[in-house]
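Based on the sequences and whatever the hints tell you, model everything.
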Amino acid sequence: MVPRLLVEKAVFGLLKICQRLLPYKEDLAEELLRSLQLLLKLDARVAEAFCERITMEVMQLVKANAAHIKSPMGWRTVSSLLASTVRHSEAFGPGFETLSFIMTDGAHLTPANYVLCLDAARAFAESQVGGVEKSIRALEILAESVNYLIQWAASSSDGFEGDKEHELRARN
Numbered sequence: 001m002v003p004r005l006l007v008e009k010a011v012f013g014l015l016k017i018c019q020r021l022l023p024y025k026e027d028l029a030e031e032l033l034r035s036l037q038l039l040l041k042l043d044a045r046v047a048e049a050f051c052e053r054i055t056m057e058v059m060q061l062v063k064a065n066a067a068h069i070k071s072p073m074g075w076r077t078v079s080s081l082l083a084s085t086v087r088h089s090e091a092f093g094p095g096f097e098t099l100s101f102i103m104t105d106g107a108h109l110t111p112a113n114y115v116l117c118l119d120a121a122r123a124f125a126e127s128q129v130g131g132v133e134k135s136i137r138a139l140e141i142l143a144e145s146v147n148y149l150i151q152w153a154a155s156s157s158d159g160f161e162g163d164k165e166h167e168l169r170a171r172n
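Counting in this note's numbering, the sequence shown runs from 1 upward without gaps.
Just so you know, these hints were derived from the structure itself, not from any lab.
Here a beta-carbon is modelled for each residue, glycine too, at the ideal position from N, C-alpha and C.
Just to be clear, a hint being listed does not mean it is correct.
[To be verified] In silico DSSO-like links for lysine-lysine, alpha-carbon gap of 27 Å or less: (1) Lys70 with Lys41; (2) Lys63 with Lys16; (3) Lys25 with Lys70; (4) Lys9 with Lys25; (5) Lys25 with Lys63; (6) Lys41 with Lys16; (7) Lys134 with Lys63; (8) Lys9 with Lys41.
[Stated by the list, open to error] Per label pair, the in silico range of CB-to-CB distance: (9) Ala49 with Ser157: 32 to 40 Å; (10) Ser157 with Pro3: 54 to 62 Å; (11) Gln128 with Pro23: 32 to 40 Å; (12) Asp27 with Ile136: 40 to 48 Å; (13) Pro3 with Arg87: 35 to 43 Å; (14) Leu142 with Arg34: 25 to 33 Å; (15) Val115 with Leu14: 24 to 32 Å; (16) Asp43 with Ser155: 40 to 48 Å; (17) Ala143 with Arg87: 18 to 26 Å; (18) Phe12 with Glu97: 14 to 22 Å.
This is the structure we're talking about:
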């Protein structure tokens, strides 16, 4: 019983530290998020026991600090934690809500996390835990995400065309 209590304190202490420091310590963001990868390595029984609470903490972390998660590694950690919730009925809802928050708000879906979020959304779509409605909603979120790809492609090609045009004008 004592080891479980120690693991619980360590897990939730780590999550609280990340929640509190992420907005104020941009230089530590990468290390803070990397430390959360330890949660993916928990013993299966421990992970099962704390899955719902971990997911709720991750949801709070993402909702409060999504703008501070900038690296692909940070997003890989978050998306892996979310994807791991698809097998747990208690954690599925908060995990899906968090992924929806990231993917349906254009401010949080970026080229750095796009593919990672697609993989997590696919896992939710394939899961039988959330039922047909959640699977359909996950597919809708996937389909809607194409709009962001179009926007990114248009903005990058506009920039490219503008650079070419500027270069031609400079030569003349």
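Against the structure, the hints come out as follows:
Between Lys70 and Lys41, the direct Cα distance comes to roughly 23 Å. Compliance with the 27 Å bound is thereby established for this hinted pair. Restraint check for Lys63 and Lys16: satisfied, since their Cα atoms lie roughly 14 Å apart, inside the 27 Å limit. At most 27 Å may separate the alpha-carbon atoms for a hinted pair to count; Lys25 and Lys70 meet this at roughly 13 Å. For the given pair, Lys9 sits about 23 Å from Lys25 by alpha-carbon distance, which is consistent with the 27 Å threshold.
Distance check on the hinted pair: Lys25 and Lys63 sit about 17 Å apart at the alpha-carbon level, within 27 Å; holds. The suggested pairing of Lys41 with Lys16 holds, with an alpha-carbon distance near 18 Å, which does not exceed 27 Å. Simply put, Lys134 and Lys63 have alpha-carbon atoms about 20 Å apart, close enough for the 27 Å limit, and the pair holds. This hinted pair checks out: Lys9 and Lys41 have alpha carbons roughly 16 Å apart, not beyond 27 Å.
In this structure the supplied range 32 to 40 Å is violated for Ala49 paired with Ser157, their Cβ-Cβ distance being about 50 Å. Range check, Ser157 to Pro3: Cβ separation about 56 Å, and the 54 to 62 Å hint holds. A hinted range of 32 to 40 Å for the beta carbons of Gln128 and Pro23 is consistent with their spacing of about 37 Å. Between Asp27 and Ile136, the C-beta spacing of about 42 Å keeps the proposed range 40 to 48 Å intact.
The given range of 35 to 43 Å is broken by Pro3 and Arg87, whose C-beta atoms sit roughly 24 Å from each other. Checked against the hint of 25 to 33 Å, the C-beta distance between Leu142 and Arg34 comes to roughly 27 Å, which is consistent with it. Checking the proposed 24 to 32 Å range against Val115 and Leu14 shows it holds: the Cβ atoms sit about 26 Å from each other. The beta-carbon spacing between Asp43 and Ser155, approximately 45 Å, falls within the hinted interval of 40 to 48 Å.
About 24 Å separates the C-beta atoms of Ala143 and Arg87, a value consistent with the hinted range of 18 to 26 Å. For Phe12 and Glu97, the hinted distance range of 14 to 22 Å is satisfied, since their beta carbons lie about 20 Å from each other.
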